[in-house]
Amino acid sequence: MTAPHPVNHQPGFVLHSHAYKETSLVAELFTRDYGRVAAVARGARRPLSGLRGLIQPFHPLLLSWYGRGELRTLHAAEWQGGLAPLSGRALIAGFYLNELVLKLLARDDPHEGLYALYDQTLQSLAAGPGALEPLLRRFELGLLKEIGYAATLDRLAVSGEPVSAAACYRYQPGHGVVPEDAGAGIAVSGRTLLDLAAGEFAAPATLGEGKHLMRALIHHHLGGKALYTRLLLQELAEL
Amino acid sequence: MNPPASLQNLIEALRILPGVGPKAAARMAYHLLQRDRPGADKLALSLNRALAGLRHCRLCNSFAESEICELCANPRRDPALLAVVEMPTDLAMMEAAQTYAGRYFVLMGRLSPLDGVGPRDIALDRLIERALDGVVREVVLATNFTPEGEATAHTIAALLKARDIAVSRLARGVPLGGELEYVDSGTLAQAYRDRRSL
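If you read the sequences in order, they're chains A and C. Position 150 (the first sequence) corresponds to 150 in this note's numbering; numbering is contiguous. Position 5 (the second sequence) corresponds to 5 in this note's numbering; numbering is contiguous.
Please keep in mind that the hints were generated in silico from the structure rather than gathered at the bench. Even for Gly, the Cβ is constructed at its ideal location relative to N, Cα and C. Be careful, since some hints might not be right.
As the list claims (entries may be wrong) - Below, simulated EDC-like cross-link-like pairs (lysine to aspartate or glutamate); rule was C-alpha separation at most 16 Å, straight line:
| # | chain 1 | residue 1 | chain 2 | residue 2 |
| --- | --- | --- | --- | --- |
| 1 | C | K23 | C | E12 |
| 2 | A | K103 | A | E28 |
| 3 | A | K225 | C | D115 |
| 4 | A | K103 | C | D115 |
| 5 | A | K211 | A | E200 |
| 6 | C | K161 | C | E138 |
Said to hold, decoys possible - Label-pair distances were calculated between CB atoms; the ranges are:
| # | chain 1 | residue 1 | chain 2 | residue 2 | range |
| --- | --- | --- | --- | --- | --- |
| 7 | A | G224 | C | A158 | 43 to 49 Å |
| 8 | A | G174 | C | L54 | 48 to 54 Å |
| 9 | A | G224 | C | L17 | 29 to 35 Å |
| 10 | A | L102 | C | E181 | 35 to 41 Å |
| 11 | A | K21 | C | H31 | 15 to 21 Å |
| 12 | A | Q80 | C | Y182 | 17 to 23 Å |
| 13 | C | A166 | A | A106 | 46 to 52 Å |
| 14 | A | L239 | C | A166 | 47 to 53 Å |
| 15 | A | G224 | C | V20 | 29 to 35 Å |
| 16 | C | E95 | A | T73 | 36 to 42 Å |
| 17 | C | R196 | A | K211 | 55 to 61 Å |
| 18 | C | I68 | A | K225 | 41 to 47 Å |
| 19 | A | H5 | C | A158 | 44 to 50 Å |
| 20 | A | K211 | C | H31 | 56 to 62 Å |
Claimed, not checked - Chain A residues, not near chain C, derived (Cβ > 10 Å throughout):
| # | residue |
| --- | --- |
| 21 | L54 |
| 22 | L71 |
| 23 | P85 |
| 24 | L105 |
| 25 | Q120 |
| 26 | E133 |
| 27 | A157 |
| 28 | V178 |
| 29 | G183 |
| 30 | G190 |
| 31 | R191 |
| 32 | A202 |
| 33 | E235 |
Using the sequences and the accompanying hints, generate a full structural model.
What follows is the structure, encoded as structure tokens:
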């Protein structure tokens, strides 16, 4: 008998895992061609399991699983290497990426572009000290674009008129860029919108306004769900 | 027909255990009542005694029967060394290694950002207070080598370094007696990164 729907050697990352029964794990995976997949790794918590030590976030793996439905069975994971373990603030940033992917992407929806961005962002985080903010903004924007929540930043939503760098606008979640006098929406300058659309995160004003805009959009699309990594950073700042 | 109320209550009560669903709870209840009544008696008694008698040690936060646990009260343990572990089982493993002669602090958990476990859910504030008693010179971080354990260690290190306490972390690498042929790639990669000169 052959296993149903086998997938072999699929590049992917573990986003999160939790203990399942006596010795197993359920892992939430982010894979290149299959998107988010949940799979049980049987016996992965046994001392001599080949999967033990591999089912960890932030390491590129080649994953093999079978089965259909909500929960697949993960039977092999191969270490790809090349990525130093995250530490310090980069580690917390890594948790933040994983939480965004877990909470904003639906299961079994492939997002190749976002996978590449995730991979690249982890590489940069692992490469060592550097400014975290531009990396996080780029990833947030990429994620929102990929799931269709920030599709057009350089044109007005209704008229299709191009955004002007010198003017001020508002961004309405679920709608798009509107003139500043439209009332509702997040205030944002034309310069920032154009920078974001072009993937330019160098200017401090763009980073500041971009952070504000991304935060509001993510909050809107989470539908009230809290982001634990953000709460963690706030609570740590208070200690 | 519904089972009698007290049986129903017992089944409900057993379901609070992790990994125990309604069927397993019913099986446990029938086993205790039908096959092993003395065992059930012992379980009830130990549970009551543990609830009444156990508390957190004022110094190490682990379970103790008095205000200060035996290990913390032992004058032969070096008070200048404080090892931080996640759970009492980790403390037991450190003790089994028979190398460490200092004292402990048990967090009773770890920071787990994706599960919503934050600094307020583990005893971070009490650890800081404990480490700043004026006697502790070095804090040894012995949390697990998982991303969550690492995040916990990083957080504690940042908090303590800002207060001028020396902080160290357990080393990691190839296990003792480990043949490279059988070591997993992740561990081997880390052992190479943490290599030391001879």
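Exclusion check [A/L105 not at the chain C interface, CB over 10 Å]: Non-interface label stands for A/L105: nearest chain C Cβ at 14 Å, farther than 10 Å.
Status of A/A157, Cβ more than 10 Å from any chain C Cβ: holds (34 Å)
Distance rule for A/Q120, whose beta carbon must clear each one in chain C by more than 10 Å: holds (19 Å)
Status of the given 29 to 35 Å range, CB of C/V20 versus CB of A/G224: Since A/G224 and C/V20 have Cβ atoms about 32 Å apart, the given range 29 to 35 Å holds.
Consistency of the no-contact label for A/G183, given chain C and a CB cut of 10 Å: Its Cβ never comes within 10 Å of chain C, the nearest being 35 Å, so this holds.
Distal placement of A/P85 relative to chain C, Cβ over 10 Å: violated (7 Å)
Distal placement of A/A202 relative to chain C, Cβ over 10 Å: holds (28 Å)
Supplied distance hint 43 to 49 Å, evaluated on CB atoms of A/G224 and C/A158: Roughly 31 Å apart at Cβ, these two residues miss the hinted range, so it is violated.
Distance rule for A/V178, whose beta carbon must clear each one in chain C by more than 10 Å: holds (35 Å)
Interface exclusion of A/E133 relative to chain C, criterion Cβ beyond 10 Å: With a cut-off of 10 Å, A/E133 remains clear of chain C, as the shortest Cβ separation is near 18 Å.
Pairwise hint evaluation, A/E200 against A/K211, where the allowed Cα distance is 16 Å at most: Holds - the C-alpha atoms of A/E200 and A/K211 are around 13 Å apart, at most 16 Å.
Verdict for A/K211, C/H31 (Cβ pair) under range 56 to 62 Å: holds (57 Å)
Against the hints set out earlier in the document, violations occur for numbers 7, 14, 17, 21, 23, 33.
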